[in-house]
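Novice: Go ahead and model the full structure; you've got the sequences and the hints to work with.
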Amino acid sequence: MRKLPILLCLALPLFADEPRLTFDNRPMGSIAKPLVLRSYLPDPGLEDSVFSQHDHARKVSKYNPGLGSDVPGEIQPVPGLAAAIGVNFGPSLSYVFDTTECRLLYTWQGGFVDMTPYWGDPDKGSRVSFDYVPRLVGTLFWQASGPDPIELDGKSIQQLGPRVFTGYRLENDTPIFEFATGSTRFTLSITPSNKPLSCDLTLTSSSAAALSWRGIDSPPATGKLTVTLVGSDLSKFQGYQRDNKITTASAAAGETLFNQYGCAACHSIDGSKSHGPSVGKLAGHPVEIEGLDQPVLADRAYLLESIKAPNAKIVKGYPPNYMPPFGLPEAEYDSLILYIQSLDKPE
Amino acid sequence: MTSLFLKLGVIGILATQTLYAVKFNDCYRIEDIKLPAGAPPEVGAIDIASDGTLFIVLRRGDVFRAKPTRDPAAFDWQLFASGFDNGCGLDIVSPTKIRITQMAEMTEAEDSDGDGSADRFTRFAHGWGLSGNYHETNALTRDGKGGYFIAVGTASFSGPTFKHTLGTFSDAGRRGRNYSAVKWKGWVLHSDAHGKITPWASGFRMANGIYQDPRGELWAGDNQGDWKAITPLYHVEKGKFYGHPNSLVWDPAFTKSKDPLAYYRSRLDEYNRDRTPPAVEMPHMEINRSAGEPMEIPIGSHFAGQMILPDNNGERVTRLMLEEIEGVWQGACTHLIDGRGLRSGNHRARFTADGKQLFLGQTVRGWGIPAEGLQRVTFLGPVPFDIDRIRITRDGFKVSFTHPIPDSLKDAQVWKLSSCTYQPKWTYGSEPENHREHAVRIASSDEKSLTLKVDGLASGRVFRIHFPKCDSPDGSPLQNNLAFYTVNRIPITKPD
Chain C
1 MRKLPILLCL
11 ALPLFADEPR
21 LTFDNRPMGS
31 IAKPLVLRSY
41 LPDPGLEDSV
51 FSQHDHARKV
61 SKYNPGLGSD
71 VPGEIQPVPG
81 LAAAIGVNFG
91 PSLSYVFDTT
101 ECRLLYTWQG
111 GFVDMTPYWG
121 DPDKGSRVSF
131 DYVPRLVGTL
141 FWQASGPDPI
151 ELDGKSIQQL
161 GPRVFTGYRL
171 ENDTPIFEFA
181 TGSTRFTLSI
191 TPSNKPLSCD
201 LTLTSSSAAA
211 LSWRGIDSPP
221 ATGKLTVTLV
231 GSDLSKFQGY
241 QRDNKITTAS
251 AAAGETLFNQ
261 YGCAACHSID
271 GSKSHGPSVG
281 KLAGHPVEIE
291 GLDQPVLADR
301 AYLLESIKAP
311 NAKIVKGYPP
321 NYMPPFGLPE
331 AEYDSLILYI
341 QSLDKPE
Chain B
1 MTSLFLKLGV
11 IGILATQTLY
21 AVKFNDCYRI
31 EDIKLPAGAP
41 PEVGAIDIAS
51 DGTLFIVLRR
61 GDVFRAKPTR
71 DPAAFDWQLF
81 ASGFDNGCGL
91 DIVSPTKIRI
101 TQMAEMTEAE
111 DSDGDGSADR
121 FTRFAHGWGL
131 SGNYHETNAL
141 TRDGKGGYFI
151 AVGTASFSGP
161 TFKHTLGTFS
171 DAGRRGRNYS
181 AVKWKGWVLH
191 SDAHGKITPW
201 ASGFRMANGI
211 YQDPRGELWA
221 GDNQGDWKAI
231 TPLYHVEKGK
241 FYGHPNSLVW
251 DPAFTKSKDP
261 LAYYRSRLDE
271 YNRDRTPPAV
281 EMPHMEINRS
291 AGEPMEIPIG
301 SHFAGQMILP
311 DNNGERVTRL
321 MLEEIEGVWQ
331 GACTHLIDGR
341 GLRSGNHRAR
351 FTADGKQLFL
361 GQTVRGWGIP
371 AEGLQRVTFL
381 GPVPFDIDRI
391 RITRDGFKVS
401 FTHPIPDSLK
411 DAQVWKLSSC
421 TYQPKWTYGS
431 EPENHREHAV
441 RIASSDEKSL
451 TLKVDGLASG
461 RVFRIHFPKC
471 DSPDGSPLQN
481 NLAFYTVNRI
491 PITKPD
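Top line first, the protein sequences correspond to chains C and B. Straight run, no breaks: the first sequence in the working numbering ends on number 347. Straight run, no breaks: the second sequence in the working numbering ends on number 496.
No false leads were mixed into what you were given.
Partial pick of chain B residues on the chain C-facing surface, computed with a CB cut under 8 Å:
(1) S82
(2) G132
(3) T168
(4) N313
(5) G314
Residues from chain B that face chain C, not an exhaustive set, calculated with beta carbons under 10 Å:
(6) E105
(7) L130
(8) Y179
(9) L261
Quick list of in silico lysine to aspartate or glutamate cross-link-like pairs, DMTMM-like style, CA-CA up to 20 Å:
(10) K59/C to D171/B
(11) K273/C to E433/B
(12) K33/C to D119/B
(13) K62/C to D259/B
(14) K258/B to D70/C
(15) K313/C to E315/B
(16) K67/B to E18/C
(17) K97/B to E171/C
(18) K59/C to D259/B
Treat the hints as calculated values from the structure; they're not laboratory data. From the three backbone atoms N, C-alpha and C, an ideal C-beta is built for every residue, glycine too.
Specialist: Structure below.
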């Protein structure tokens, strides 16, 4: 009972015309004005049974866009939630509601998400990174498992047929999710509780059957049910940590960085064109530069400059202001250069 | 006597109209519109309400609105709604109700209690999947009957898919560079007025913008890349396939193979028979690197009835001069504006109701360094000296200009015409092939136009039309001296 007023005082007043989402990669709402964030969201390790209304992606063989065919190797799908909504009330509560499963997936406290992997590092001036799943910040205290916990007359609504998301409304800025199975309509709202590692659930149904939440004892209810979901400290998350800890430069480290920094999205290593020129067979070869009569040799200095300050020399046929400049530790520059130089070796 | 007097009078009027040089800055003003402080200016979509209010969707999720003011720094932005995932399509239903295509669905956001911000978010249309790939953004245009056409983007091999996907996963669709691992990626869908969707046309890589013109013709661009030789503009018709194979995994009528990518990879002749070619192909270096939303230039500005195509990857906006030849669309392209203070990242376009101002929404969709925000182009009234139209004839092109042309242009020697073909395939873009130079004769000319007789005019080719920079006799500098005409069909009947 004491926690709530303190949090209310901490809540910063927000004016209607202020952006809710800024360059701050750790956006937060407040109890007075929760933040609704629709984005790819992390999967903290939910069990498969929770995804009954999703399909499973399968691994595929690696594809070489220059050849137009598969090459040895596999690409695995990664964990993540495609169509979920994250809501944050400030430090007191965050949760993820999934619009595909129409259910609460997990809840945490003490922070929200770190968007760096999706939004990019604002200091580098880039808008994307090479990983699109935000990281959690805070203490995970509850996560979904098994069939849908909402029950009518003691039976999970999962047995009634597909659950279909229809939308949400904001009441005092707090979202109330709406979904249906057949002709039965439901709403669910999730709000901070004054108990530790807990949140309050308010559930409504258009059915006359008894409404309950599996695993939570509550007096019989029809039409509307309010319960407290009490969790426990499941795990702690600290947002996005990027420290490549490269002390000695190497071509192998360079290959990892080449993928991690998204160089591969614009540069092939097999000689084929992409958004940018191929870096295969580049090192030690002459390069034609816009505005220069003589080609320039792609030596170490040239490669370093190309990564640090791409606009200094623009390769003929490619646009300026397209490749972002990369400000990296020396060992990372060296690794990338060693990697590019290694691509020149005959197979 | 009277007629001579009249003639002199007419000449007098013409003289006062044109006897001064019209420069770029007399015709266009380009301004940066100041966006709300602190908001990342990643403009996913824009639209203008019937009362003139401009709405913008920012890709992180906020929607702002403002009444445009003369002062580009004085727009009084109000936050209308928040909570959208990468909204790249926007329709304003009324000043209090908007619809947005976001990644997973199309959502209607309404301010139902009149407090100025949306409080009801209703799913309007859905049914396409979402794989977890960053590239799967969607654009929309009205269908004129209360419904929409929705262009659904493919995924990129530079990003992953999630273990659990929204919608059915296809192994064959997942293959390749840009892929269609889940439903309707690479398709144009139709949504009726109630949000019920039906697949409409396939074969898109990334139609970043779709547009139904006032006559009901549907247009979409695409991005140079795999199976897109250079930057195309398509005239979109129901049931047709526009060339990117992966989308075909979702087409029950495509029974040739379970792996359309591999199938067409080794059968380019059959591929060419099965696909519908672009109405216009734009060389990506010279004209447009990445097509944004097509938009017709409305009555009220010069070039009315022609179309613009923002370049998402260049500081320019393309101007398209389309014509329908015996049922087949084709035409020429040049720049509307190239540089001059325009940013890159152009992908959404809206003209104001009077047709005199153009808003351009800008964002980098993928990897480049930020080129983003909102700019306004004002058509100041005077008409620049520029190519007005290029039309095909039975044996060449008729090129007309907006101002009288100097005699130097009436010399066939100065016209350099060449042509080439483009074969879209699995590679990222394709090099021009079968290059040919064409001899030119001037068949006829008048004050503002020339008819060129072109040796070897042929269909299936993109013609490069180049001539020297020059001034009009009134001193106005020529804006564009390079255009490309995509010849899909040569008229048999004599054009008027």
